[in-house]
Amino acid sequence: MKKSAFLGTLAAATFAAGFAAAGTLDDVKAAGELKCGVSTGLAGFALANANGVWDGFDVAVCRAVAAAVLGDGNAVKFVPTTGKTRFTALASGEIDMLARNTTWTFSRDVDLKFEFAGVNYYDGQGFMAPKALGISSAKELDGATVCIQTGTTTELNLADFFRANGISYDPVPIETNSEAQAQYLAGACDVYTTDASGLASTRATFESPDDHMVLPEIVSKEPLGPLVRHGDNNWGDIVRWTLNALITAEELGVTSMNVAKHSSEAGKNPEVNRLLGTEGDLGGMLGLDKAWASRAIAVNGNYGEIFEKNIGVNTPIGIARGLNASWTEGGLIYSAPFR
Amino acid sequence: MVDQSFVRTEIVPEKSAPLSEAGIVGWFKKNMFSDIPNTILTGVVLYIIFMVLGNILPWVFSPTWNSVSLTECRSILAEIGRDGHGNGGACWGVIRERWLQLMFGFYPSELYWRPVLSFLLLGVALAPVLFDRVSRKILFFTAVYPFICFWLIWGGSIWFPVSVFTGFIISYFGFVIGSKSAGSLAGVLAAMALPIIWWFVLLSPVNSALNSIIPLGSEAIDSDRLGGFMLAILIGVTGIALSLPIGILLALGRQSDLPILKGVCVCFIEFIRGVPLITLLFVASTLLNVFLPPGSNFDLILRVMIMVTLFASAYMAEVIRGGLAALPKGQYEAADSLGLDYWKAQRLIILPQALKISIPGIVSTFIGLFKDTTLVSIIGLLDPLGLSTNIRADMAWNGILWELYGFVALIFFIFCFSMSRYSMYLERKLATGH
Chain U
1 MKKSAFLGTL AAATFAAGFA AAGTLDDVKA AGELKCGVST GLAGFALANA NGVWDGFDVA
61 VCRAVAAAVL GDGNAVKFVP TTGKTRFTAL ASGEIDMLAR NTTWTFSRDV DLKFEFAGVN
121 YYDGQGFMAP KALGISSAKE LDGATVCIQT GTTTELNLAD FFRANGISYD PVPIETNSEA
181 QAQYLAGACD VYTTDASGLA STRATFESPD DHMVLPEIVS KEPLGPLVRH GDNNWGDIVR
241 WTLNALITAE ELGVTSMNVA KHSSEAGKNP EVNRLLGTEG DLGGMLGLDK AWASRAIAVN
301 GNYGEIFEKN IGVNTPIGIA RGLNASWTEG GLIYSAPFR
Chain V
1 MVDQSFVRTE IVPEKSAPLS EAGIVGWFKK NMFSDIPNTI LTGVVLYIIF MVLGNILPWV
61 FSPTWNSVSL TECRSILAEI GRDGHGNGGA CWGVIRERWL QLMFGFYPSE LYWRPVLSFL
121 LLGVALAPVL FDRVSRKILF FTAVYPFICF WLIWGGSIWF PVSVFTGFII SYFGFVIGSK
181 SAGSLAGVLA AMALPIIWWF VLLSPVNSAL NSIIPLGSEA IDSDRLGGFM LAILIGVTGI
241 ALSLPIGILL ALGRQSDLPI LKGVCVCFIE FIRGVPLITL LFVASTLLNV FLPPGSNFDL
301 ILRVMIMVTL FASAYMAEVI RGGLAALPKG QYEAADSLGL DYWKAQRLII LPQALKISIP
361 GIVSTFIGLF KDTTLVSIIG LLDPLGLSTN IRADMAWNGI LWELYGFVAL IFFIFCFSMS
421 RYSMYLERKL ATGH
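The listed protein sequences correspond, in order, to chains U and V.
Residue numbers are given in our numbering: position 118 of the first sequence equals residue 118, and the series is strictly consecutive.
Residue numbers are given in our numbering: position 52 of the second sequence equals residue 52, and the series is strictly consecutive.
Be careful, since some hints might not be right.
[As the list claims (entries may be wrong)] Okay, derived cross-link-like pairs now, EDC-like style, lysine to aspartate or glutamate, Cα gap no bigger than 20 Å in a straight line:
| no. | chain 1 | residue 1 | chain 2 | residue 2 |
| --- | --- | --- | --- | --- |
| 1 | U | K221 | U | E155 |
| 2 | U | K29 | U | E217 |
| 3 | U | K290 | U | E329 |
| 4 | U | K77 | V | D224 |
| 5 | U | K84 | V | D372 |
| 6 | U | K268 | U | D281 |
| 7 | U | K84 | V | D224 |
| 8 | U | K77 | V | D341 |
| 9 | U | K139 | U | E115 |
| 10 | U | K77 | V | D222 |
| 11 | U | K131 | U | E115 |
| 12 | U | K131 | U | D232 |
| 13 | U | K77 | U | D111 |
| 14 | U | K290 | U | E115 |
| 15 | U | K77 | V | D299 |
| 16 | U | K131 | U | E251 |
| 17 | V | K344 | V | E333 |
| 18 | V | K329 | V | D341 |
| 19 | U | K221 | U | D289 |
| 20 | U | K29 | V | D222 |
These are computed hints drawn from the structure, not numbers from a lab.
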């Protein structure tokens with residue numbers, strides 16, 4: 001609490017200073033590159049390959065925004081941020097947007113003065129346990145030792161869950177995910193708890209993943225999404241509607257394969273036409289050109305393609321769409337209409 | 001009666017020691033098996049060494065150099081009947097694929113020669129400082145080296161480092177001319193004021209003018225492409241090179257009779273020593289940004305270098321103060337009685353002795369500083385440890401710990417051990433005790 005108040009004060013100070021500066025859009029255009037805060041390394045979400053090229057689910061959002069604004073998905077300067085530095089980096093203007101698996105919470109939105117542009121991944125905290133333990137539900141974990149990363153919301157959620165169910169646990173505090181992996185495999189704890197996406201990627205690296213299971217309970221809501229500073233609504237709109245364009249493209253069947261064809265001339269579906277700028281001028285309202293969404297989709301494909309390429313079932317991480325399916329297929333991924 | 005007692009007239013020739021006392025056998029007998037408790041201890045230690053090596057060596061010698069993922073490592077190890085990754089053998093493919101990244105970060109691979117060349121030139125620049133047999137003339141190169149290094153690593157227009165260096169030349173001439181015409185105080189003032197005017201007022205117009213006349217430069221590299229050991233060495237060497245002179249000045253300032261100067265030095269040293277380095281790094285990475293005007297682009301690596309240098313300087317000052325305090329009062333009085341002024345006394349009599357006493361402490365601070373550079377991974381810079389997190393985010397290598405950390409530890413050991421050996425060499429060379 002103390003810390004967030006401190007960060008909030010910092011953010012407020014910059015917020016006041018930020019008014020004097022020109023709009024973020026102009027800054028980004030003048031710099032010719034988008035400064036995008038990402039994780040220092042999180043499997044499937046943000047990582048640099050052997051050639052130093054960034055890739056991942058969050059990285060794809062940065063590239064889409066860069067393509068929409070600057071016309072080049074590679075015109076991004078990726079700024080690796082840690083859980084501790086990410087908010088000040090955004091508040092101080094060191095980065096233009098943050099796409100770093102950040103949970104949308106009340107205090108971050110209101111108190112820290114940020115604006116979440118939407119949700120690109122619905123996560124939730126889960127538990128992983130060895131099958132040899134012979135349990136099928138987290139409610140049977142009475143008296144278990146639990147590996148938990150300290151100083152995160154997962155720690156608080158864990159306490160809430162066990163208290164609500166009237167069972168006891170023994171926490172084993174650890175610092176990083178890789179340490180947790182090692183401790184869990186060495187048997188230092190019975191259960192490992194973190195976000196379900198993290199559990200999936202951790203389990204995938206095990207020598208024998210089938211000996212371990214992710215328990216069905218999801219004990220928290222973790223909507224992850226890109227965010228920007230308060231005070232520049234136009235820039236917030238650009239990031240929000242770029243994300244919405246990727247989501248809508250999946251819904252309308254616009255993919256990286258056919259986006260060029262659809263963009264070249266107006267087709268039968270008026271919403272596709274509006275999205276890709278062959279009809280009306282939605283881009284102009286944002287201060288961009290007509291083809292902005294078409295370029296954003298062309299970089300990495302639509303939302304579904306980005307998901308499948310980085311974390312989908314055919315990748316080593318192998319996360320099913322689940323909550324993150326389009327609303328037409330029973331998920332929560334939903335975009336306001338392009339009209 | 002003749003005395004028949006035998007007196008030997010020639011000296012008995014020397015014999016080599018009996019076989020049981022000489023050579024390897026003798027050494028073992030004397031040092032390892034001299035009595036029963038020692039024999040037992042030897043046996044126990046041998047057993048422990050055997051157990052440790054027996055576990056580590058098969059892990060190290062694991063035929064996985066050419067693998068492209070942890071999965072492939074596992075199948076290779078399973079094929080030769082080892083006990084899986086972790087216990088059975090290391091997965092060295094990650095080092096083969098990523099060692100250049102661990103060394104250079106995201107520096108463009110076709111330009112690797114630039115950091116390599118600046119590292120080699122660092123050796124040349126340091127040679128006259130480290131070894132007295134090297135020609136003193138190279139010291140001129142040492143003075144220019146930081147600017148060459150900056151230009152090689154960051155690239156960009158050559159006129160920027162050249163004109164910053166010109167500031168120092170201006171300072172020198174300001175001092176010479178000022179002190180000749182209007183006394184030493186005027187000289188010091190001129191030496192401080194002139195370069196500041198040059199750097200802050202004249203530098204950028206002159207720079208752009210030169211650039212438009214003769215656009216000479218190389219491809220500019222953004223700071224965010226620096227990483228790995230290159231970053232650790234850059235921060236470490238900058239900190240080491242700057243903290244020694246600043247530390248000496250602070251230590252002298254703390255012993256000074258001038259109250260304001262002394263107060264400033266004491267406050268600085270005590271403040272910096274009172275906060276952990278990680279706090280200073282957070283100040284560099286987050287707070288400074290908030291206080292600077294929006295849109296100002298003050299390079300993060302530069303900010304970190306400044307903070308690390310300040311931190312090391314404060315510790316260095318205390319180490320050197322220890323050396324100064326260890327000198328007998330007679331040395332100071334002797335310097336005074338020779339009629340030397342303050343700076344001459346420090347330069348010729350006090351500091352050479354004080355620094356010699358402080359060598360072990362100074363080198364410890366250097367080694368500590370170099371290892372502390374890994375803390376920058378906490379503020380999101382991709383130093384070797386930060387990079388190893390990033391490498392593990394690649395699903396091909398997720399789950400690999402020991403190989404990466406072992407490699408990083410090995411490189412750090414090489415650097416720190418060399419520093420420590422050099423300090424012992426220096427102590428032996430400067431030993432004047434009898």
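Run the distance test for K84 of chain U versus D224 of chain V: straight-line Cα separation, threshold 20 Å. holds (19 Å)
So if I understand the rule, the pair passes when the alpha-carbon distance is 20 Å or less; does K139 of chain U with E115 of chain U pass? Outside the cut-off at roughly 36 Å; violated.
Run the distance test for K84 of chain U versus D372 of chain V: straight-line Cα separation, threshold 20 Å. holds (19 Å)
Compare the distance between the alpha carbons of K77 of chain U and D224 of chain V with 20 Å, and conclude whether the hinted pair is satisfied. Satisfied, since the Cα-Cα distance of roughly 8 Å is no more than 20 Å.
Is K29 of chain U close enough to D222 of chain V, meaning Cα to Cα at most 20 Å? holds (18 Å)
Taking 20 Å as the top limit, are the C-alpha atoms of K131 of chain U and E251 of chain U close enough? violated (38 Å)
Next pair to validate is K77 of chain U with D111 of chain U; report whether the Cα-Cα distance is within 20 Å. violated (28 Å)
Has the given pair, K290 of chain U with E115 of chain U, been kept, meaning a C-alpha gap of at most 20 Å? violated (25 Å)
Hey, K221 of chain U versus E155 of chain U, does the alpha-carbon distance stay inside 20 Å? Given that 20 Å is the threshold and the Cα spacing comes to 14 Å, the pair holds.
Tell me if the straight-line CA distance from K131 of chain U to E115 of chain U falls inside 20 Å. violated (42 Å)
Verify the proposed pairing of K77 of chain U with D222 of chain V, using a straight-line Cα cut of 20 Å. Given pair K77 of chain U, D222 of chain V holds - Cα atoms ~9 Å apart, limit 20 Å.
Proposed proximity, E217 of chain U with K29 of chain U (alpha carbon, max 20 Å): Given that 20 Å is the threshold and the Cα spacing comes to 46 Å, the pair is violated.
In summary, the numbered hints that this structure violates are 2, 3, 8, 9, 11, 12, 13, 14, 16 and 19.
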